[in-house]
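Asks: Going line by line, the protein sequences match chains Y and F.
The working numbering numbers the first residue of the first sequence as 1 and each following residue consecutively.
The working numbering numbers the first residue of the second sequence as 1 and each following residue consecutively.
There may be inaccurate statements among the hints.
[As the list claims (entries may be wrong)] Each computed DSSO-like pair below joins lysine-lysine, with the alpha-carbon atoms no more than 30 Å apart: (1) F:K156 with Y:K341; (2) Y:K340 with F:K91; (3) F:K156 with Y:K9.
Read the hints as simulated data drawn from the structure, not as lab findings.
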Amino acid sequence: MKNRNIPKKLQDNLITIGIVVVCYILVMILSATGLLSNLLQGLLVPLCAYIILAVSLNLTVGILGELSLGHAGFMCVGAFTSAFFSKCMENTITFAPVRFFLALLIGGLCAALIGFLIGMPVLRLKGDYLAIVTLAFGEIIKNIMNVLFIGRDSHGFHFSMKDSLSLGLEEGGDVIINGAQGITGTPKDSNFTIGVILIVLTLLIVLNLINSRDGRAIMSIRDNLIASESIGIHITKYKLMAFTISAALAGIAGVLYSHNLNSLMATPKNFGYNMSIMILVFVVLGGIGNIRGSVIAAVILTLLPELLRGLNDYRMLIYSIVLIVMMLYNWAPNMIALRKKAANRFGRKKEVA
Amino acid sequence: MALLEVKNLSISFGGLRAVDDFNVSIEKGQLYGLIGPNGAGKTTVFNLLTGVYQPDEGFIHLDGEDITRLKTIEINQAGIARTFQNIRLFKELSVLDNVKVGLHNKYHYSTVEGLLRLPRYFQMEKKMDERAMELLKVFDLDGEADYLASNLPYGKQRKLEIARALATDPKLLLLDEPAAGMNPNETKELMETIRFVRDHFDMTILLIEHDMKLVAGICEELTVLNFGKILTQGKTSDVLHDPEVITAYLGE
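From just these sequences and the hints, can you work out the full model?
Replies: Following this line, the structure appears as structure tokens:
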């Protein structure tokens, strides 16, 4: 029998955050002693972003119980709005931490707003509609970013969906978002330390939400919608709350990601369907509803292909195989029986000891 | 003035008149039974009372308040709580948390207070824990408070569902086949529990049941439904000896 009481929950949460902090210290020691390759160092900030994405998607998939296939879209919104802001304010606000803090707010709020607007009609529906709509949303956002041109000169902002020439900028004006070339020269305000702080904040938000009145309401909807309605839980409100917070956190991951890149482009690889599925793989592999699992899965699945660079071509192949194996492991009746047997044997051994 | 007053309640699904001209009046503190053969429309009546379906005609008054056509959530807040024929617990939540979800609208703190773990969070959580444990104790579930709801044995799951419904502090409790799937011993225990809930919480209870022993044992008045229509209504002993009722159940 699984025990779940409050001190144990708190202990669990502390362990999760402890793991992150210990990993951070280890990486800092490794990098100080020069044992970390350049390749890995370059991977640290994206890794932080992936962890935040995985944890935030787990809020939608595991805690709320709705399938979202467009999480990269929210990340994209956060990345572009914040990079746009930082690029505009590069010379106005010269103190990087303040600028980055504001960028985080803007990225998070914009992603939350979009999440709210999408969730409002779609979360009222039952079944797979959310998955379909979010899938479309992710692609739409990515494609809009590829044709969006915004420039600035002394008259203010210019906007076009055609090309940079049709912005009609006067001399000396600069193009901030340049269509498929995206945003270049975003100030590099994020680093690994900030990334880890954001991970810890994300974990605190998600774990505290789960262990609160609102979190219980959200999970009750997941477990039995009809019953939770019958005891007075406002279904739409709590679905929207979970979905919006999840989108906001994805936006923050996007801010972190974009402020680590010199040129930010919306390619299928970083903001497309592949990315959304990759995050979903983190969540599924780590265990749906298991926050610590998401963190660990994100780390392993990001580092593994980089460490086995020769296998990189087979990355998507490995992902699909891993997904199928996990599906069988989690849901196949034979596998469930086998796991129960193993658990029983393990449990008995423990009793003897 | 009766606590629950239902007049002319009717609903059709396509050509089928599932509930036709249903009337009932239940006094405060009464233990009232709704019986009838399978498909008679008993659960449909519950779904009408709790706003899952909207009636075509008729009205429902609870404690003098018109609750016809309100939403399920509003009806719960007006004071009707229910259990389900097929148990609907929050399986992945602990037994304690199941009851705490029921207390959701009784103890408030904001999302921000919860996220930042402000003092009010701890105050309210403590109060919720205490209240939930009180309820669990009534149903002898306090020892299993930390178990996942799905790990409880069947009889205890039924009890937990009642505890969760009571957590919303209702005026009227609807029990949909509480003894379904129980063995005679469990049913006997359930009868005690239901009677205890009525006395201890000063509750009014309307229940659907097939187990005639249970119905005869605890219900004071009965309504018999057949094909969506009221067959007969009245004191339990009179109703159960009514030849029409016996025919409806056993056939000619």
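Asks: Would you mind marking each hint as holding or not holding in the structure?
Replies: Here is what the structure says about each hint:
1. F:K156 with Y:K341: Judged against 30 Å, a Cα distance of about 25 Å means the pair holds.
2. Y:K340 with F:K91: 18 Å, holds
3. F:K156 with Y:K9: 24 Å, holds
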